[in-house]
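So the chains spell out like this:
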Amino acid sequence: MAMKTYIQAIAEATVEEMERDETVFTMGEDLRQSVYGATAGLVDRFGEDRVIDTPLSENGFFGAALGASLCGMRPIVETVTSFLWVGMDQLISQASKMRYMFGGQAELPVTFRIRMFYARGAAAHHSDRNYPIFMNTPGLKIICPTNAYDAKGLMKTAVRDNDVCMLFEDGIAISSRAEVPDNEDLPGGELLVPFGVANTVRAGSDVTVVGIAGGVQHALDAAKVLEAEGVSLEVIDPRTLVPLDIETILNSVERTGRLVVVDPAHKMCSAASQIAASVAQEGFWSLQAPIQVVASEQVNVPYSPALEPLIYPTPEKVVAAVRTVLD
Amino acid sequence: MELDRQQLEEMYRRMCRIRYFEEAVIKIHSSGELIGPAHPYIGEEAVAVGVCAALRDDDRIAGNHRSHGHPIAKGGDVKRAMAEILGKVDGFCKGKGGSMHLADFSIGILGESGIVASSVPIATGAALASKLGKKDFISVVFFGDGASNQGACHESMNMAALWDLPVIFVCENNGYAITTSYRNSVSVDHVSDRASAYGMPGVLVDGQDAIAVWEATNEAVVRARAGEGPTLIEAMTYRFEDHSLGLDRIVKSQYRTQEEVDEAKMRDPLDIHRAAIISHGFTTDAECDEIEATVKSEIDEAVEFARNSPFPEPGDLYDDMWATPV
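Here the protein sequences line up with chains X and V, keeping their order. If you're matching positions, the first sequence starts at 1 in the numbering used here and goes up one per residue. If you're matching positions, the second sequence starts at 1 in the numbering used here and goes up one per residue.
Some hints could be false.
Claimed, not checked - Among the chain X residues that face chain V by a calculated CB cut under 7 Å, a handful are: (1) G67; (2) M73; (3) S93; (4) Y100; (5) G104.
As the list claims (entries may be wrong) - Which residues of chain X face chain V? A partial, calculated answer using Cβ under 8 Å: (6) G60; (7) A64; (8) G103; (9) D163.
Honestly, the hints are just simulated from the structure, not real lab data. Glycine included, every Cβ here is placed at the ideal spot set by N, Cα and C.
Chain X on its own, in the form it takes in the complex:
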């Protein structure tokens, strides 16, 4: 057992999967120099054929990763949320659709590792939190690890999964630390976290708070504040948005009767919208109060440090939402 950062956990998962399976290779921009931190030393260890620096051609290399995966390779593509737009045609027209439209003939074992910068002055073009858009498109698995343990376990599961996996690395969470067990101490000899299984991070009885990505930490911080006032929050981290473990959330709301959803995405058609709608539809009779959503303001991201922080969820906003739902 050791304390590791989220990035270290992703890096470890990558090395383990590349050692285990020679068809796994990584591709993306500036991987060899590890500009995004998770691929340091990878090219020295595995060689240039398995650690490929691509030209600035997202549509081209996303598609190339898909084509390679159709022919026996298992690519890990590293990119950034804001650059997904450049490759949208390959993600939507091909990645999400090929298996189905070809009647199951196409196998696409690609993992996209997508860094999500925000709340750090990166301004309008580099602050996207766009996982909800990919939830709406049938055919893509959406993974949002919030801590180092889940980052390692979900990353390994994603690489082995034979569907297209989009793993969003929350930019606020990437320097967080958590206990990550050593392989020798694990029953199967390695850390694998399954998709579609939410984690109840903190058990509680008064209000269910579902946190998406960086929203989990805000929920936990709010829980500490409210604990002092005798309010008990149950904090749930879905970990994967597609597949989504709505059952765990519904079971919790059945006990608490109150739901707050915390999501760094813009509020319209966010992951929070979907979860709120599902609970309103399937758990209506459990609810004692209207659902509260704490998501990012529906406005583009301004640069100024005086304005940007106003957009995103904070522990204070979560506390306020909990008070509202208890009112």
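Since chain X is already given, all that's left is putting chain V on it; use the hints.
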């Protein structure tokens, strides 16, 4: 390398197969049996057949919305193609794909794509897999003059040349992207002129001459398998029918003159190939007639097969979405 009698006859057979298949598709569209768009390959048969004659079964191809010719040229089963076009369960894709998404992975057909140029990066990736996996299969992508302007094309060609990937880019220049002449969309005289800008050979070929197409492709195949990288082949061809079936009901003005169409039809690729193989003594008129008759029966059987094949059940709707379901 030379083509032998068997290969030359097979090329004629496959060109006939495409031609009669497309004529049958036109009939079932007129009768209302075929729902949705279809884009006939009539007039372009020599391109797909000439290219595929130079390929192995394990070489991969990817195509575009003018989608029936490539799979048939690669050896695809016309019964399953016709069933797919009618949305039936015995189609290549269990009826889930339709005309524009024919695919048969068992013979290297990685699928036809409805979004123009969208399959070009996919084919480039297949070549990447071959190189990384130290295999020797190659990959071919068919795209049009219109598609050649998409970013996906430029990005793919750059990567392919940069990394010496065994991919052949085949531009089927039929002169038009729906109603837009390529002279109004491509900034240079020929799409193949762009090849040197990427650092790969560019070859211009008469796309109505299947043997010429084969020669150009074969040279590119040899290069690719030798690890020398990609080639851009531009096959000048012409589509005898409209862009899609029924387009004339929407687009009233003539974007091509009747004279131009009539003149193009005088260079029918089936006639050209048939005349060439007979005049060189590889076969006879009677044998070609027999090939035609046999293929006509095959197509009739394919239509019958497709009509008799059942539609998928409502319960099939959610199948084939995932390797591990959500």
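Hints, verified against the model:
1. G67: It holds, given that the least Cβ distance between G67 of chain X and chain V is near 2 Å, below 7 Å.
2. M73: Status holds, d = 5 Å.
3. S93: holds (5 Å)
4. Y100: For Y100 of chain X, the interface hint holds, since the closest Cβ of chain V sits about 5 Å away, which is under 7 Å.
5. G104: At 4 Å from the nearest chain V Cβ, G104 of chain X passes the 7 Å test, so the hint holds.
6. G60: Where the cut-off is 8 Å and the nearest Cβ of chain V is about 3 Å from G60 of chain X, the hint holds.
7. A64: holds (4 Å)
8. G103: Cβ of G103 of chain X sits 3 Å from chain V, so the hint holds.
9. D163: Where the cut-off is 8 Å and the nearest Cβ of chain V is about 5 Å from D163 of chain X, the hint holds.
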